Amino acid sequence: MATYKVKIWRQSGPNANGHMERHIVKGIDGDMSFLEMLDHLNEDLEEQGKEPVAFDHDCREGICGACSLVINGQAHGPETTTTCQLHMRSFEEHNVSEIDIEPFRATAFPIIKDCVVDRSGFDRVIQSGGFVSVNTGNAPDANANAIPKPEADTAFDAAACIGCGACVAACKNASAMLFVSAKVSHLAHLPQGDAERRERVHSMVNTMDKEGFGSCTNYGECEAACPKSISTDNIATLNREFIRSKVGPTT
Amino acid sequence: MKLDAKIPEGPIQDKWANHKMAMKLVNPANKRKYKVIIIGSGLAGASAAATMGELGYNVDCFCFQDSPRRAHSIAAQGGINAAKNYPGDGDSIYRLFYDTVKGGDFRSREANVYRLAEISNQIIDHCVAQGVPFAREYGGLLANRSFGGAQVSRTFYARGQTGQQLLIGAYQALSRQIAAGTVQMHTRSEMLDVVVDDNTAKGVIVRNLVTGQIESHAADAVVLATGGYGNVFYLSTNAMGCNVTAAYRAYKKGAGFANPCYTQIHPTCIPVSGEHQSKLTLMSESLRNDGRVWVPKELGDKRKPDEIPENERDYYLERKYPSFGNLAPRDIASRSAKEVCDEGRGVGNTGLGVYLDFRDAISRLGEDTISARYGNLFDMYERITAENPYQNPMRIYPAVHYTMGGLWVDYNLMSTIQGLYVIGEANFSDHGANRLGASALMQGLADGYFVLPQTIADYLASLGSDHQRTPIEDQAFVDAEEAVKSQVNTLLNINGRRTVDSFHKELGRIMWENCGMSRTKSGLETAIEEIPRLRQEFWNDVKVNGTADNLNMSLEKAGRVADFLEFGELMCRDALAREESAGGHFRAEHQTSEGEALRNDDDFCHAAVWEYTADDEAPVRHREELDFENIKLATRSYK
Ligand SMILES: Cc1cc2nc3c(=O)[nH]c(=O)nc-3n(C[C@H](O)[C@H](O)[C@H](O)COP(=O)(O)OP(=O)(O)OC[C@H]3O[C@@H](n4cnc5c(N)ncnc54)[C@H](O)[C@@H]3O)c2cc1C
Ligand code: SF4
Ligand code: FES
Chain A
1 MATYKVKIWR
11 QSGPNANGHM
21 ERHIVKGIDG
31 DMSFLEMLDH
41 LNEDLEEQGK
51 EPVAFDHDCR
61 EGICGACSLV
71 INGQAHGPET
81 TTTCQLHMRS
91 FEEHNVSEID
101 IEPFRATAFP
111 IIKDCVVDRS
121 GFDRVIQSGG
131 FVSVNTGNAP
141 DANANAIPKP
151 EADTAFDAAA
161 CIGCGACVAA
171 CKNASAMLFV
181 SAKVSHLAHL
191 PQGDAERRER
201 VHSMVNTMDK
211 EGFGSCTNYG
221 ECEAACPKSI
231 STDNIATLNR
241 EFIRSKVGPT
251 T
Chain B
252 MKLDAKIPEG
262 PIQDKWANHK
272 MAMKLVNPAN
282 KRKYKVIIIG
292 SGLAGASAAA
302 TMGELGYNVD
312 CFCFQDSPRR
322 AHSIAAQGGI
332 NAAKNYPGDG
342 DSIYRLFYDT
352 VKGGDFRSRE
362 ANVYRLAEIS
372 NQIIDHCVAQ
382 GVPFAREYGG
392 LLANRSFGGA
402 QVSRTFYARG
412 QTGQQLLIGA
422 YQALSRQIAA
432 GTVQMHTRSE
442 MLDVVVDDNT
452 AKGVIVRNLV
462 TGQIESHAAD
472 AVVLATGGYG
482 NVFYLSTNAM
492 GCNVTAAYRA
502 YKKGAGFANP
512 CYTQIHPTCI
522 PVSGEHQSKL
532 TLMSESLRND
542 GRVWVPKELG
552 DKRKPDEIPE
562 NERDYYLERK
572 YPSFGNLAPR
582 DIASRSAKEV
592 CDEGRGVGNT
602 GLGVYLDFRD
612 AISRLGEDTI
622 SARYGNLFDM
632 YERITAENPY
642 QNPMRIYPAV
652 HYTMGGLWVD
662 YNLMSTIQGL
672 YVIGEANFSD
682 HGANRLGASA
692 LMQGLADGYF
702 VLPQTIADYL
712 ASLGSDHQRT
722 PIEDQAFVDA
732 EEAVKSQVNT
742 LLNINGRRTV
752 DSFHKELGRI
762 MWENCGMSRT
772 KSGLETAIEE
782 IPRLRQEFWN
792 DVKVNGTADN
802 LNMSLEKAGR
812 VADFLEFGEL
822 MCRDALAREE
832 SAGGHFRAEH
842 QTSEGEALRN
852 DDDFCHAAVW
862 EYTADDEAPV
872 RHREELDFEN
882 IKLATRSYK
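Protein sequence lines, in the order shown, are assigned to chains A and B. Just so you know, my numbering puts 172 at position 172 of the first sequence, and the rest follows in order with no gaps. Just so you know, my numbering puts 885 at position 634 of the second sequence, and the rest follows in order with no gaps.
If you're looking for bench data, these hints aren't it; they were derived computationally from the structure. None of these values were measured; they are calculated from a predicted model. Please note that the accuracy of each hint is not assured.
To be verified - With a straight-line cut-off of 25 angstroms between C-alpha atoms, the simulated SDA-like cross-links for lysine to any residue are:
#  : chain 1 : residue 1 : chain 2 : residue 2
1  : A       : K50       : B       : R749
2  : A       : K5        : B       : R634
3  : A       : K172      : A       : T217
4  : B       : K794      : A       : R10
5  : A       : K149      : B       : A394
6  : A       : K210      : B       : G432
7  : A       : K5        : A       : S90
8  : A       : K50       : A       : H23
9  : B       : K808      : B       : P783
10 : A       : K50       : B       : M491
11 : B       : K257      : B       : R634
12 : A       : K149      : B       : G339
13 : B       : K794      : B       : R749
14 : A       : K7        : B       : N801
15 : B       : K736      : A       : P14
16 : B       : K794      : A       : E21
17 : A       : K149      : B       : D541
18 : A       : K50       : B       : P783
19 : A       : K50       : B       : N801
20 : B       : K266      : A       : A139
21 : B       : K794      : A       : H23
22 : A       : K149      : B       : Y389
23 : A       : K7        : B       : P783
24 : A       : K50       : B       : N796
25 : A       : K5        : B       : E526
26 : A       : K149      : B       : G390
27 : B       : K271      : A       : G137
28 : B       : K808      : A       : A139
29 : B       : K286      : A       : G137
30 : B       : K756      : A       : E21
31 : A       : K210      : B       : A430
32 : B       : K266      : A       : G137
33 : B       : K883      : B       : Q402
34 : B       : K756      : A       : G27
35 : A       : K26       : B       : E526
As the list claims (entries may be wrong) - A few chain B residues that don't get close to chain A, going by computed Cβ distances all over 12 angstroms:
#  : residue
36 : A268
37 : M272
38 : E361
39 : V403
40 : A469
Glycine residues also receive a C-beta, built at the ideal position from the N, C-alpha and C atoms.
This is chain A alone, in the form it adopts within the complex:
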C-alpha cells in the first residue's frame, strides 16, 4: 500500500479562477486503476463534507473516450493508454510518489468544472462532414463491394479513434489535426466515402479552424499521446485529400 502526494486542479465553474489543490492519498494498492485512486480521494473528501473532484469517465475500459486527465504533464499519463486503463503499479514501479493532475487544456476545450472540459467542438467537426450520406433503407448487399483487406485494415486503424482529445491536449498549438485526419482517412480509404471526399475534407478542416483549434506544425506530440496509436500518416492523407480536392479528380 503506497501513499501519494497529489496536486489536482480545482475550478468551481467555467468563469472561476482555478488552482492546484494538495492532498495526501493513502492506502493505494498497485492493482488499483488511476481512477480508483481518485475515487478513493473523492470518498475521503465526501466523508469530510467537501465537494469531490469532478472528472469525466464512463466505460473505464479505454473505449468511450470520456476520461481525460493530464498526469504529470502528459495527456493520459505515462503510458500509451487512456487515463482509465492506467494502473497505480505504473507509479509504484517507477517510485513516483508525487502526482500532478490537470484537465485537458485548449482554447477549444473550455473548462466546465475541476478537471471536466467541454469537447463538443469535436462533435461539431464530425457534424460538418464526418459521415457517409446514406439514409436507412435499402442499402445494397453488404458483400456487393469487395474491399481489399489492406485498405480495409488502414481504414480500421484510423477508425479506432475514440475522440478523447489527448492529441489536442498534447499539442503546443492545441491542434485537432490528428483527430480530424483520422476521420477523413477512415472514410477516404473506403469506397463508401468516395462520393463526398472533396466536400468532407474541406468542411471538416474549416470547422476545425472555426472551433478555435490551432494549426498543425508537425511536432508529432499528438501521436505520442494518442491512446489508440493513431498515426500521423493520417495527417499526410488529410493533406493529400485537401490538395486533391482543390486541383484534381477525386479518385
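Based on the hints, put chain B with the ligands in the right spot on chain A.
Same frame as chain A, now just chain B with the ligands:
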C-alpha cells in the same frame, strides 16, 4: 393494466411485412410537425434519432454523457449476428430465430424474435453502406465467426471493437441529422421523469447537468433508449453511468416492468482484485472459441497452472457438455464456474476464478495467429492484471453483464403508456430469459433503424389532424417538474454521514448474494427485508455535498442509487415469484438431479409484468402468456 401484445395475424414469416402494409403512414409534409423525444444515444437511440430525422420528423435526443458517441454501446466487443449465411454453413433467418428462442429458454415472444432475425441482414447492409469497417477476408469480402453458443458462423465483427464501430456509424448518421437541423441533441442532460397525462406520454423532465437547470420538454411521443440496469449490482461490466432511472421512473408513472429478475451473468470477466474495485472488465466471449476452460481436479490445489499435469485438470465444460464444450451458452458456463469455485476448486488468490487457457491453441496455430485474433484482448488483460496470457492461462470469473428484463412493450415497441416507446436493452422484448452473444447489438439496431421509425408513425398518424401537443405550462408538467426539484433538494439537505457509494456497494452486495447466479426463496426473502431498511437509511443518512446549480456528480449518482434502492427490491420480488429456473434466472429449488435448470412451463410460460401501486406497497404482478406456435417447447440441452 391491460397487456395486449398486438401480434399481427398470419404465418410468422409474413407478420412483419403484413403489419408494415397495415400501419398508417404520416404524410411527408406533416412529419416536421411531430416532435419526438428520444432519450439515449446508444445504438438504439442514435439509430432511431438518425432515422427519424432522415424521415423528416422533428427530433430531440438526450444523453447524459458529454457526447452521444460515448454511450455504453461503445464498449461492446465481440460482434453482431445476422442470418446472411455468407460462409454457407447452413444458416438462415429461421435458424437464427430458432437459436434465439431456444437460447432465451422459451421465455420470449416468437413474433418479435422472428422479426429480429428477418431484419438482421438489412442491418449489416446498412452499416457497411455507412462505412463501418467490419473484418474482411483476404478476398475483400466480409468475415464471420461463430460466437456464444452458435453452431454456425453468423457473427460480424470489427476486431474487438464492434460496438464502437457500430456506434460511431450511428453517431455519424445522427451527426448528419444534427447538422441538417432535424435532430436537436442535448448532451450532459439527464431525464428524471416522464410526463404522463391520461396514460399518455406528453414529454419529459430533464436536468441540465452543467447548469443544474430543471427543464420541461413536450413531445407527441417519447422513446426511451436508456440501456440496461446491471449496475444495480454495483459491480458489473457496464459503464459507470449506466442506470435504471429513466425506465424506473416510467414504471412509477404506469409503464409495466417485465421480467426484472432476468439478468445475464457473463462467464468471461476478469476476477475482482480487491475492495477498491469500481467495475469489472469483460473479456470477450470470442476467446472461448480457442481457449479451454479448466480448474484443478483436487480441492484447494495451490500449484501454478503449468505445474498441474494434464490428467489432474478438469476441463469441466468439455466434460459436462461434450457437443458444445467451451462454447456452452453464457448462463450455463457461468453457473458451472460458480459450482466449481463453490466446491473449493477455484483459482487465484480469492479462489473465485477459473482458467481460460490458450496453451493448446497457441501450440496448434502459433502465437501470431492467436495474437491476430485476440491481441487487443490479451493486451487489455495484461494491463489490468499484470500477467501475460500468452504464458499463463487467463483467470476469469462470471460478472453481471446484461439485463434481459426491461419495460414491457407490445409488438410495436410501445409500453403500457400510450406514446411511450422503449427500444434497445431498456425493453424486455427479444431475449427471453437469456440473451445469446452478439444479439444485443442486433436488437438495438433493429429497433432503432428499422422497427421504431415504422411503428411510431402508425401512432402519430392515429393522433388525428386536430391533435395539439400538450404545452409545458400544463399542470402535468408543472407537477412533474416540482416533484423532480423537490427530490433534488431533499437529497442535498439530508446531510447525513454516509456517502452515496457506500449505499450502492451495500445494495450491490445484497443483490449479488441473493439475486445473483443462484437464487433461493430464503435468500430472496432476506433481500426483500434488507433492501427497504437500507433504503430508509439512505433517505435519513446519505451525504450529498455541493449544490444543485452546477455540475454535481455526487448528486447525479445519488438520484440513480435512490432508484436502484427501489428497483432492487422489485427484482427480488420477481425472482421470488418465478418458481422455476429459466435462462439467467436460476432458482436452486428448481433443478434437475444433474444440477441443470428446470423450467416449469405449466405455470410460468409467461412474461411477468409488474405494475406500480404506491411507495412501500407491493406492486401487482400481471402476465403475458407466451405461445410457441412455431418452435416446440423443449428442454434446452447443450450436452
Ligand atoms: C462490455 C460489454 C460488451 C458487450 N459486447 C456485446 C457484443 O459483443 N455483442 C452484443 O450484441 N452485445 C454486447 N453487449 C451488450 C450491448 O452492448 C448492449 O446491450 C447495447 O449496446 C445497449 O444499447 P442501448 O442503445 O440499448 O443502450 P446504451 O448504449 O447503454 O445507451 C444508453 C443511452 O441512454 C442514455 N441515458 C440513460 N439514462 C438516461 C437518462 N436518465 N437521461 C438521459 N439519457 C440517459 C445514455 O446517455 C446513453 O446514451 C456488451 C455489453 C457490455 C457491457
Ligand atoms: S486521435 Fe487519438 S488522441 Fe486524438 S482524439 Fe483520437 S484517440 Fe484521442
Ligand atoms: S472512461 Fe472510457 S475511455 Fe476512459
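Hint numbers contradicted by this structure = 11, 18, 23, 28 and 30
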